[in-house]
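Novice: So the chains spell out like this:
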Amino acid sequence: MSAATEIAAMQGGTAAGPAGPRLFAAGAAAGMAAHLAAYGEVPRHGRDWSLAEELEASGLTGRGGAGFGAWRKFAAVDHARRPNRYVPRTGGPVLIANGAEGEPLSFKDASLLHNAPHLVIDGLVAAAAELSAGSVFIYAGAANLAPVAAALAERADARHIALVEAPDTFVAGQASAVVNFLETGRALPRDLAARLAGSGFKGRPTLVHNVETWAHTALVARYGAGWFRTAGTPEDPGTRLVSVTGNVPSEVVLEVPGGAPLDSVLASAGVGSDAVSAVLVGGYHGRWVRPDGVVLSAAAAAGSTPAGGAVRPGAGVLHVLGHGRCGLAATAAMVDYLAGQSARQCGPCMFGLPALADVMGRLAAGTGGPGLVREVERLLALVAGRGACHHPDGTVQLVHSALETFADDVRRHLAGQCQEAAPAGGAVR
Amino acid sequence: MDDAMWAFARVSGLLDMVLLTGSVLLGILARSGRPLLAIPRVSVTLLHRNISLLAVVFLVFHVVPLLFDSYAQLNLVDVVVPFLGSYKAFWQGLGTVSLDLMAAVVATALLRRRLGTRTFKAVHWLSYAMWPLAMAHSMGNGTDGTSAPVVAAAIVLGVAVLAAVAWRVSAGFLETAAARRAGNARNGWTRP
Amino acid sequence: MNAGGPAARLHIDWTRCDGRGLCTELLPEALGRDEWGYPVAAPGRVRSGRDATDVPLTGAELAAAMDAENLCPLLALRIIRP
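Residue numbers (the working numbering), protein chains in the order written: chain A, 1 to 429; chain B, 1001 to 1192; chain C, 2001 to 2082.
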């Protein structure tokens, strides 16, 4: 991994864990032997040691997109599983490793499951022991379950983990859709997704984390919070995987420290900063930024595109838009795709996203009138916050950032001239 | 005494047919999401609900007197189990089936919050079977089934329900149909 | 809306809502309708992302909100008390 040198430079020196890349330290397609050789056995902890406290101290955030503190969900499930006078006990908590990765530009979860499945399993095993889990699932696309199945066959401590094949849709990875799929076979998001920790799968306390979050959990369980914090910044500790796609020499997954400058990450992927017009950070639900001076940090404020500040890495996607490509055309194609990926449950998403796609298409084609931007903004306000899952909000964020980042292009398009040739058919990769 | 009971049952039955028809029409209107001229949607829904409950009351007025009628010789089993009656067993049986359906529809409507919309909806569809059965029962079983005013009224009610059902299955039925069609005109999405 | 937060919130379950318009009749000041018929929180009510789905209500609107909760044909509404 090209970012290894950066991570090594930030190591404290006394850390027990791997000094180079963390998640891929065992090498490609690591079996149990390579895994143990690289990471060692999971230490036996004393009675005063607690994974929950260790996670909180580590500052690990979810690597699936939302970026909340991993310990919060853990603590909520820990709280919900304890006997409660008012709520009848409904079986042990449920742990789910979510590797559905519906985001078309992301392949870091697939990469992790293929190369370091044991790390994901370790994370689940450690949490299952601490939370007395009743059921543990790994949920991912069929192609990515095969290496996990092979890894499970190599070890005796993970027989209780069940593999579930995720459908290949964008919203199949939304946490409540995962739980819905396990219960009903339909990967559709549900209302009140935030309460999964209290009442998720069959009413049981349910902890859904991205597979990468579980892999980091395994490392925190092994080496502790202090070691975890030897990479990254105090605000965004540890490392994360990013999928780099678009106008790049080759599409790669990199492990980068928290707070990494965007242009140095792109340089690691062999992308020169002078070749880059803009970068889509976080995927189809992410935002467009000009890379100069921008750092990737989970601690970045939610909201509009930063000018030379920090941007949330979301699902860890960096999609490069080279010079000579039209950002509005690329965005319009994405919105078109996102509209088609609506689960068609929630009216404002089901009808609002196609309307938004239509207007963005006209904006990109330069065939709209002067009122077009106002219409885009009206639709954005109409769709925002009005859905059971994050799908409409993610789409709103994408379009908002495109209007800001490509403001000059918007003006040119409204005047009927696109300086940059839109790729045929609006294809973006 | 017998005659009074008989007459009361007859009148209640005829009125119930009117109420039932009103309930079905208002139900279809409520489903469209449209207000009725100056009557807001909320009132249409409440009217549908209350007229339906009134129809239940009149069904009681229709059935209970017949239990005491020596000619009809209805017993409690006949009220719920169809086709056992001593007088025009078939036509009376249709009324019994209709009563059973109405009981199911009303009970599930009242327990809607507990049962959830799926069960409620599925059972509520039975209204479309209940209405023609009740109509057939009232024409075939009723003493007045062949009198001109009753036949005329039946034709009016029948035409009204048929027209409402035709509207129900038409493309522009929902208030929001046009806007939602326009927004949904495109299909065939592709991954970029 | 006073500084202490809304008296209650009306939660809209978008997976159920079909935009039949009853709630918007009962709560005309809190809810409007979008072009597809779905309820949309009045512009002044939306201060954060949550407010579009959990619409803030005043104390005076609580009774009407309970009617809306009761009459919603799709059972898509729920009052959330603070």
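Think of the hints as simulated: they come from the structure by calculation, not from any bench. C-beta atoms are modelled at their ideal positions from N, C-alpha and C, and glycine is treated no differently. Be aware that a few hints might be false.
If the Cβ cut is set under 8 angstroms, some of the chain C residues that face chain B in the computed set are [claimed, not checked]:
(1) Arg2020
(2) Leu2022
(3) Pro2028
(4) Trp2036
(5) Gly2037
(6) Asp2054
(7) Leu2074
(8) Ile2079
Coverage of chain A stretches by chain C, computed from C-beta distances (three or more under 8 angstroms per stretch; other residues unrestricted) [said to hold, decoys possible]:
(9) 178-191
(10) 335-347
(11) 376-387
Novice: Evaluate each hint against the coordinates.
Specialist: Outcome of the hint check:
1. Arg2020: holds, 4 angstroms
2. Leu2022: holds, 5 angstroms
3. Pro2028: violated, 10 angstroms
4. Trp2036: Nearest chain B Cβ about 5 angstroms off; hint holds.
5. Gly2037: Holds - the Cβ of Gly2037 of chain C comes within 8 angstroms of chain B, reaching about 4 angstroms at its closest.
6. Asp2054: Constraint on Asp2054 of chain C not satisfied, violated at 20 angstroms.
7. Leu2074: OK, holds: Leu2074 of chain C within 8 angstroms of chain B, min 6 angstroms.
8. Ile2079: violated, 13 angstroms
9. 178-191: With 4 residues close enough to chain C, the hint holds.
10. 335-347: holds (count 3)
11. 376-387: holds (count 5)
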